[in-house]
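K.L.:
Protein sequences appear in the order of chains A and B.
Note that the first sequence covers residues 1 to 110 in this note's numbering.
Note that the second sequence covers residues 1 to 233 in this note's numbering.
All the pointers check out, no bait thrown in.
Here are the simulated SDA-like cross-link-like pairs (lysine to any residue), alpha carbons at most 25 Å apart as the crow flies:
#: 1; chain 1: B; residue 1: K109; chain 2: A; residue 2: V73
#: 2; chain 1: B; residue 1: K131; chain 2: A; residue 2: V40
#: 3; chain 1: B; residue 1: K109; chain 2: A; residue 2: R19
#: 4; chain 1: B; residue 1: K111; chain 2: A; residue 2: F29
#: 5; chain 1: B; residue 1: K131; chain 2: A; residue 2: V60
#: 6; chain 1: B; residue 1: K109; chain 2: A; residue 2: P21
#: 7; chain 1: B; residue 1: K131; chain 2: A; residue 2: F29
#: 8; chain 1: B; residue 1: K131; chain 2: A; residue 2: V37
#: 9; chain 1: B; residue 1: K109; chain 2: A; residue 2: F29
#: 10; chain 1: B; residue 1: K131; chain 2: A; residue 2: T52
#: 11; chain 1: B; residue 1: K111; chain 2: A; residue 2: A27
#: 12; chain 1: B; residue 1: K109; chain 2: A; residue 2: L68
#: 13; chain 1: B; residue 1: K131; chain 2: A; residue 2: V30
#: 14; chain 1: B; residue 1: K131; chain 2: A; residue 2: F35
#: 15; chain 1: B; residue 1: K111; chain 2: A; residue 2: G23
#: 16; chain 1: B; residue 1: K131; chain 2: A; residue 2: M33
#: 17; chain 1: B; residue 1: K109; chain 2: A; residue 2: I74
#: 18; chain 1: B; residue 1: K109; chain 2: A; residue 2: S76
#: 19; chain 1: B; residue 1: K111; chain 2: A; residue 2: P21
#: 20; chain 1: B; residue 1: K131; chain 2: A; residue 2: R44
#: 21; chain 1: B; residue 1: K131; chain 2: A; residue 2: I58
#: 22; chain 1: B; residue 1: K109; chain 2: A; residue 2: I22
#: 23; chain 1: B; residue 1: K109; chain 2: A; residue 2: H75
#: 24; chain 1: B; residue 1: K109; chain 2: A; residue 2: A20
#: 25; chain 1: B; residue 1: K131; chain 2: A; residue 2: L38
#: 26; chain 1: B; residue 1: K111; chain 2: A; residue 2: I22
#: 27; chain 1: B; residue 1: K111; chain 2: A; residue 2: L26
#: 28; chain 1: B; residue 1: K111; chain 2: A; residue 2: A20
#: 29; chain 1: B; residue 1: K109; chain 2: A; residue 2: A27
#: 30; chain 1: B; residue 1: K131; chain 2: A; residue 2: A41
#: 31; chain 1: B; residue 1: K109; chain 2: A; residue 2: L26
#: 32; chain 1: B; residue 1: K131; chain 2: A; residue 2: L56
Since the hints were derived computationally from the structure, they do not count as laboratory data.
Chain by chain, the residues run as shown.
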Amino acid sequence: MAHAPDHADHVGHGPAHHRAPIGMYLAVFVALMVFTVLTVAASRVNLHQWNTPIALAIAVIKATLVILWFMHVIHSPRMTWIVVISSFLWLGVLFVLTFSDYLTRGWPIY
Amino acid sequence: MANPTLHDLQHPGSEEAHVPHHPFLQHHFEDLGQQHEASTLGMWFFVAQEILFFGGIFAAYTVYRVMYPAAWSAGAHHQNWRIGFANTIVLIASSLTMALAVWGAQGAKRKFTTLMLVLTLFLGMTFIGVKAFEYREHIHEGLFPGSAFTYVDHEHPELTRGVELFMLFYFIMTGLHALHMIIGAGLLIWFIRRSWRGDFGEEYYSPVEIMGLYWHFVDIVWIFLFPLLYLIH
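All chains should be modelled from the sequences, with the hints used to inform the complete structure.
P.N.:
Here's what the structure looks like:
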C-alpha cells in the first residue's frame, strides 16, 4: 500500500492545471490588435533603417503574448519552459552562424 | 487476480488497479495529469522543430533581402497591405476562438467549445480564401516565379530578377504557412466532431490544448510574415 496514498489524490482527477479567466484571453486579443495596428502605422512612416527593426520588435512582442498566454507557457511546468527557451536558443544559433558568414562577405549590394 | 498486469507487479498491493480508469487514460500513465504534461511537452518538441524549420527559411529570406534591398522593396509594393492587414486580424481572431475553445473544454462547456472550434475553422478558411484571391491576382500580374513570370519592372528593369526572387520567397513562405493552416483545418473538423460527441471535459482536454498549440504556432509564423512580406518601406 506504500504507493496508494501518493496516487489516490490524483486518481479520478483531471490535470490540476490553471484555468485562466476568460477576460485574460480577451485582453491578450485586444493587445494583439493594438500591436497589429501599430505595426501598420509604423510602416507608413519613413523611419529609414529603423522601419524593419521596429516591425520585428512589435512582432516579437506579439509572439511573446501568444506563447505565454494563448499557449499557456506562463502556467506550464519547468520542463516545458526548457523546451520553449531552448528552441529559441537553437533558432538564435541558426541565425547567428548563418548571418556571421553570409552577411560579412562584402558582396556587392544590388 | 489470476493474471496480474504489469501495473500490479510494479505496485504490489495497490488498490488502484481496481479503480475504473478514465476512458482516455492510456495505460502507461499514472493519471490524466501526468498524461497531460507528457502530451503538451511532446507537442512542444514538435513546435520546437517547426520553429527551426521555418527559421531556416527566415534566415535565407534575410540573406537575400540584405543582398537585394531595392528589389525586396519593389516586390513588397505588389502586396496589398490592406488585404494583409485584414487577414492578420482574421487569423488573430481565430487564435482567440481557439484559445476560448481550450478554455471551454477546461470548463466542460461542450456546446461553447464546439462553437469556438467551428468559428476557428470558419476564420481559418476565410484566411485561406483571401490568400487564394491574392495568389490569383499575383499570377494574373505575371508574378509567379519561373516560366510563368512575365512581369517586367519598367521603371527599374534591373530589379526584375530580384522581384522574381522576392516573389519566390513570398510563395514558399506563405504557401508553407497556408499548408499548415489547411492541415490545421482538417484537424479542426475532426476535433469539432469529438467535441460535439462529448469527448472533452475538465478531466480530459489535452487534445484541445495541443490543437491550440499547433494553431497558435501557425498564427505566430504569420505575425512575422505580415511585416516581412507586406510592410517593407
